[in-house]
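Participant: The residues making up each chain are set out below.
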Amino acid sequence: MPLLEVENLVVDLPVSSGTLHAVNGISFNLERGETLAIVGESGSGKSMTSLAVMNLLPKRANRRANRLVFDGIDLANAPNARMRTLRGSRLAMIFQEPMTSLNPSYTIGNQLTEALRCHRSVPIASARDRAVQLLEKVGIPGAARRLGQYPHQLSGGLRQRVMIAMALMCGPDLIIADEPTTALDVTIQAQILHLLADLKREFGMAMILISHDLGVVARVADKVAVMYAGQVVESGAARSLFGTPRHPYTRGLLNCIPVPGRTTPGAPLGAIPGQLPSLIGPQRGCAFRERCAFAAPECAGDIAFITAEPGHDVRCVRLGALGMAA
Amino acid sequence: MLSFTSQRLLVAFSVALTVSIVAFVLLHLSGDLATAIAGPEATVAQVAEIRHQFGLDRPITAQYFDWLWHALHFDFGNSFYYRDTVVSLVVSRLPVTLTLGAISLALSLVVAVPLGVLAAVYSDTIIDRLALGFCVLGQAVPTFCLGLVLIIVFAVQLRWLPVSGTASWKNYILPSIALGWYAVPAVMRLSRNGMLEVLSSDYIRTARAKGLQPSVVILKHALRNAIIPVVALAAVQFGFMLGGSIVIEAVFNMQGLGYLAWEAIARNDFPVVQAVVLILAVIYVALTFLADVANAFLDPRIRLA
Ligand SMILES: Nc1ncnc2c1ncn2[C@@H]1O[C@H](COP(=O)(O)OP(=O)(O)OP(=O)(O)O)[C@@H](O)[C@H]1O
Ligand code: SF4
Ligand SMILES: [Mg+2]
Numbered sequence: 005m006p007l008l009e010v011e012n013l014v015v016d017l018p019v020s021s022g023t024l025h026a027v028n029g030i031s032f033n034l035e036r037g038e039t040l041a042i043v044g045e046s047g048s049g050k051s052m053t054s055l056a057v058m059n060l061l062p063k064r065a066n067r068r069a070n071r072l073v074f075d076g077i078d079l080a081n082a083p084n085a086r087m088r089t090l091r092g093s094r095l096a097m098i099f100q101e102p103m104t105s106l107n108p109s110y111t112i113g114n115q116l117t118e119a120l121r122c123h124r125s126v127p128i129a130s131a132r133d134r135a136v137q138l139l140e141k142v143g144i145p146g147a148a149r150r151l152g153q154y155p156h157q158l159s160g161g162l163r164q165r166v167m168i169a170m171a172l173m174c175g176p177d178l179i180i181a182d183e184p185t186t187a188l189d190v191t192i193q194a195q196i197l198h199l200l201a202d203l204k205r206e207f208g209m210a211m212i213l214i215s216h217d218l219g220v221v222a223r224v225a226d227k228v229a230v231m232y233a234g235q236v237v238e239s240g241a242a243r244s245l246f247g248t249p250r251h252p253y254t255r256g257l258l259n260c261i262p263v264p265g266r267t268t269p270g271a272p273l274g275a276i277p278g279q280l281p282s283l284i285g286p287q288r289g290c291a292f293r294e295r296c297a298f299a300a301p302e303c304a305g306d307i308a309f310i311t312a313e314p315g316h317d318v319r320c321v322r323l324g325a326l327g328m329a330a
Numbered sequence: 007m008l009s010f011t012s013q014r015l016l017v018a019f020s021v022a023l024t025v026s027i028v029a030f031v032l033l034h035l036s037g038d039l040a041t042a043i044a045g046p047e048a049t050v051a052q053v054a055e056i057r058h059q060f061g062l063d064r065p066i067t068a069q070y071f072d073w074l075w076h077a078l079h080f081d082f083g084n085s086f087y088y089r090d091t092v093v094s095l096v097v098s099r100l101p102v103t104l105t106l107g108a109i110s111l112a113l114s115l116v117v118a119v120p121l122g123v124l125a126a127v128y129s130d131t132i133i134d135r136l137a138l139g140f141c142v143l144g145q146a147v148p149t150f151c152l153g154l155v156l157i158i159v160f161a162v163q164l165r166w167l168p169v170s171g172t173a174s175w176k177n178y179i180l181p182s183i184a185l186g187w188y189a190v191p192a193v194m195r196l197s198r199n200g201m202l203e204v205l206s207s208d209y210i211r212t213a214r215a216k217g218l219q220p221s222v223v224i225l226k227h228a229l230r231n232a233i234i235p236v237v238a239l240a241a242v243q244f245g246f247m248l249g250g251s252i253v254i255e256a257v258f259n260m261q262g263l264g265y266l267a268w269e270a271i272a273r274n275d276f277p278v279v280q281a282v283v284l285i286l287a288v289i290y291v292a293l294t295f296l297a298d299v300a301n302a303f304l305d306p307r308i309r310l311a
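One line per chain: the protein sequences are L and F, in this order. When we follow this note's numbering, the leftmost residue of the first sequence carries the number 5, and every step to the right adds one. When we follow this note's numbering, the leftmost residue of the second sequence carries the number 7, and every step to the right adds one.
FYI, nobody ran anything at the bench for these hints, they're computed from the structure. None of these values were measured; they are calculated from a predicted model. Be a bit skeptical, because a hint or two may be false.
Computed, partial: chain L to chain F, Cβ under 7 Å [unchecked claim]: (1) N59; (2) L60; (3) R88; (4) M97; (5) S109; (6) C122; (7) R124; (8) G152; (9) F309.
Okay, the calculated bits of chain L under chain F, using three or more residues with CB under 8 Å as the criterion [said to hold, decoys possible]: (10) 100 to 108; (11) 153 to 160.
Even glycine gets a Cβ: it sits at the ideal position worked out from N, Cα and C.
Starting from the given sequences, assemble the full structure and let the hints guide the process.
Facilitator: Structure, rendered in structure tokens:
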């Protein structure tokens, strides 16, 4: 049984001009200990997907799913109290914004220990011991001293390390890292991502890693889902997907990353021309068709997944014509 | 923290000094003091005599420094009207006003902050609307009006509480409601808006992601941050209440500082007017300073800066 099953997840947000379809029927499975990477450009619904799993969506958002099951627990219909016992304990999340994700009024030690004390009711001394141990693990120098410090006394990189340690406090089964490095200095982005990958292995957790850094994703992910306009357009084993990217959007994305030896340093990266279509109102046909170089009339119809290889699915009607079908 | 405190103390001190100058100058600009003191029937010679007797013929700066020097030694001279020193008058009246102000402020905070928090937590629901309606009502009714209505209903009709005076704690209930009412809308609005902003912040999402109880999220993580601007506002509102106490003490016939000020103004009792203005200003400045210090304790970003 997979650790997390998501089938046909939908997230709608009422906005002034109609309904915004932030997540438009996505499905994926995650086994214990596995890393799923979700990639896709800004606004494609990656954060909404992770918040939907955590049940932390904005108040106005509507969430629906055929299946949303974590370790046999039906999250789609779990009452709030049940969700609270899972959040922070078995399901943990690291956010995109390290600078603002810690409460400015409480010490690092207070914020680190509170989840453990809330879920496991351990004595304060052992909670602090665990906090120090984890701060050392995430590479924070002078860990014991840090417990008494406030967030504003730490740099962005250190704060994100604190957030990671915080997520690990209760030893979760699944950790969701939503672009944990976008707000950070380029020089430490790769460090943090590799730290996460190492910790994931050491603690035997499953991880959903949302990242723009396709280079790192290719190295740490077992599976990859490429999102576009609230849908998964291509998903599969990392090896297969990066080896033979099939969807025109994925291929465009991969052209956007520098390849050592092939891209001249300093040369501008390729970018996909155009922008995301509006997510407001009914969505029909391939969402990528306005930007796709291969678009044809049939792309305006319903698009089903095509299995290109076992476990490697692509949402494009013209795979055959493009010579990309299995 | 030490430099923060001394910096704020310096600011507080200069504000008090400025207020004393302004009060002094305004009073001297408001007309010829000697004529006012002497009364309408006095002859020119009598006025001149009084002017000399009270030192009003000296340069205004000399008069000011003289006054300030004595004020710093808690000597504000004698009241023109009462056969008493200004200091003993003020000392006998101050407790009434401070008690009234403190109860009013406490009352308005106890009502407004929880109401604001509720309105934010249940924003866009009927609870939020009711709280807002309550606010609008609060702003529409002037303090003295409410005071009179309270007297008519609770003192005259129902006879639950005394009409006027300061004899027992019961005398403070109606005036405190009337005075505190005034601060409720502003404090409630600020608590609600502050709370709304904090509730949508990233660290509240973090707190929820930890699986904490909603009460912990709201009281520990949100309120602590949302309350910071409310502390400063409370100090300002206390200042308004000191001003409002002039009206309320008159309506409820309470022998406080506000009543004294009102009497003194009506009777051209200048030493008293000057002293009361300065004391109200000093209280206000002291409160603002205390609010700053309280904020520093609440907000580590100020405390540890
Ligand atoms: N609170 C909100 N109210 C209304 N619409 C929202 C809200 N938050 C996000 N959206 C919309 O939902 C869509 C998906 O947003 P989401 O944050 O999931 O994107 P993302 O893939 O995480 O992007 P990024 O890489 O920038 O983080 C976007 O079109 C966004 O404009
Ligand atoms: S379905 Fe059509 S428009 Fe969409 S990606 Fe495939 S070829 Fe392009
Ligand atoms: Mg995002």
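Participant: Against the structure, test the hints numbered earlier, and report the numbers of the ones violated in rising order.
Facilitator: Hints 1, 7, 8, 9 are the ones this structure does not satisfy, whereas the remaining hints hold.
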